[in-house]
Amino acid sequence: MELISLSVLDLSLAACLVVLLAILSWHLQLGLEKTLIIAASRSVIQLTLLGLVLKQLFQQSSLPLIGLISLIMLTVAGYEVMARQGKKFSGWWGMGIGTSSMFLSSFSITLLALFTIINVDPWYTPQYLIPLLGMLLGNTMNGIAVALNNLTSTAHAQKGQIEARLIQGHTWQEAITHIRREALKSGLIPIINSMTTAGIVSLPGMMTGQILAGSPPMEAAKYQLLILFMIAAGTGLGSLAAVWIGSARLFDERQRLRLDRLKTG
Amino acid sequence: MISVKNLHSALFNSVNFEAEQGQCICIYGESGSGKTLLLRAIADLDPNDGSVELDNQPRDSIGANQWRRQVTYLPAESFWWHNSVGEHFESNDTDWSILGLSKQIAEWQVSRLSSGERQRLALLRALDHKPKVLLLDEVTANLDEDNTMKVEALIKSCLQQGLIVIWVSHDKAQRKRIADLTYVIDKSGFHREA
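Protein chains in written order, with our numbering: chain U, 1216 to 1480; chain R, 27 to 220.
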């Protein structure tokens, strides 16, 4: 099979669909048209830049440069997690919780895959490291953002129940246990759903891309499985870390519920 | 004995008082004067400064959850985290009838309770782990006269067994019935009723 190259015109046609959606949003007064256009424009700029950067990057293998790019990716993902919170932790914690959880999960799982499963030499070969890390960061970012948002918004809504348990002499862990559990579930359900329907209802994005780009379907399926498992583990680990750090931050050393550590907006 | 010295926070000024075993202290004051915040501070539910001692033991030397088991705050509105009433109780010997509640109430769903039933159950729940100090925040505000009297009778019998009660009540007649000492909280601070 050979790769069919996409022209600017081909992409413009696809972009027209997004414009149509924006018009529909305006017509239905959803108020999403501006956000939609900005998001679509951001994806054009970011992916074009990425294409250019990767092209350069794949031609060489400087560990410091790859490390720097990984850190930039992590920082942006950390910021994105914070931006998606209805109630953010104030101060350094706002960005710190998401970023550290993603660092813990995405980096460790990417390294694990590079060293033990894919076995490339050197291990930081950018053609493998950057796409894997990106895929993991992108997906764990969603899980962590959802789980953390669920944790803080439920804690806020159920302040009375949490304090009723504290009053009754429960420890802070006991008082938040059910909220913590639900928050974790909310972060994990999307990836569980996508594993359940993978290949039946949906053809996963990466596999579709690989097949369109000319890879044999079996190879594409194997890589897709690898990615799915890594994403599931990464999302689980990352959400767990974020929910654990976040819930501890909701209480102080005297086990008081400290919702004043959250700011709205 | 509970001893409160220079207890204050950003939202209320210095509070000092002591209460012996079996004593009932009533507190009243305009809304917004900090009565609820004071009770919450004694139970250590909000950040606060100053010293609180129970039987000469400083609060900070006792774990926060252990402290709240001994110094239990009962808010004006009760909250429940399990589906059925009974799941909220540790002991099996709760006397439901003492507050005029049905013996089967432990099996009931919390969602079917009236606000008055919830309030009375919340009091039984607060007494469930046998605290030494009970901090009551307008607990009879939503109860009819009959049930108010039942609550007062229960509190009186607990006082006789040595419980210390600190009761925020806006009802002057109620304060007269139950208070050993009465304090006012207002802009000038916290002081004995004149």
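Keep in mind that the hints are not guaranteed to be accurate.
To be verified - Subject to a maximum C-alpha distance of 25 Å in a straight line, what follows is the list of computed SDA-like cross-link-like pairs (lysine to any residue): (1) U:1478 to R:73; (2) R:158 to R:45; (3) U:1478 to R:62; (4) R:156 to U:1478; (5) U:1374 to R:182; (6) R:31 to U:1468; (7) R:182 to R:198; (8) U:1302 to R:73; (9) U:1478 to R:37.
I should point out that these hints are in silico values taken from the structure, not numbers from a laboratory.
Hints, one by one, checked against the model:
no.: 1; hint: U:1478 to R:73; result: 18 Å, holds
no.: 2; hint: R:158 to R:45; result: 11 Å, holds
no.: 3; hint: U:1478 to R:62; result: 23 Å, holds
no.: 4; hint: R:156 to U:1478; result: 37 Å, violated
no.: 5; hint: U:1374 to R:182; result: 31 Å, violated
no.: 6; hint: R:31 to U:1468; result: 21 Å, holds
no.: 7; hint: R:182 to R:198; result: 17 Å, holds
no.: 8; hint: U:1302 to R:73; result: 21 Å, holds
no.: 9; hint: U:1478 to R:37; result: 19 Å, holds
Taken one by one, the earlier hints fail for this structure at numbers 4 and 5, listed in ascending order.
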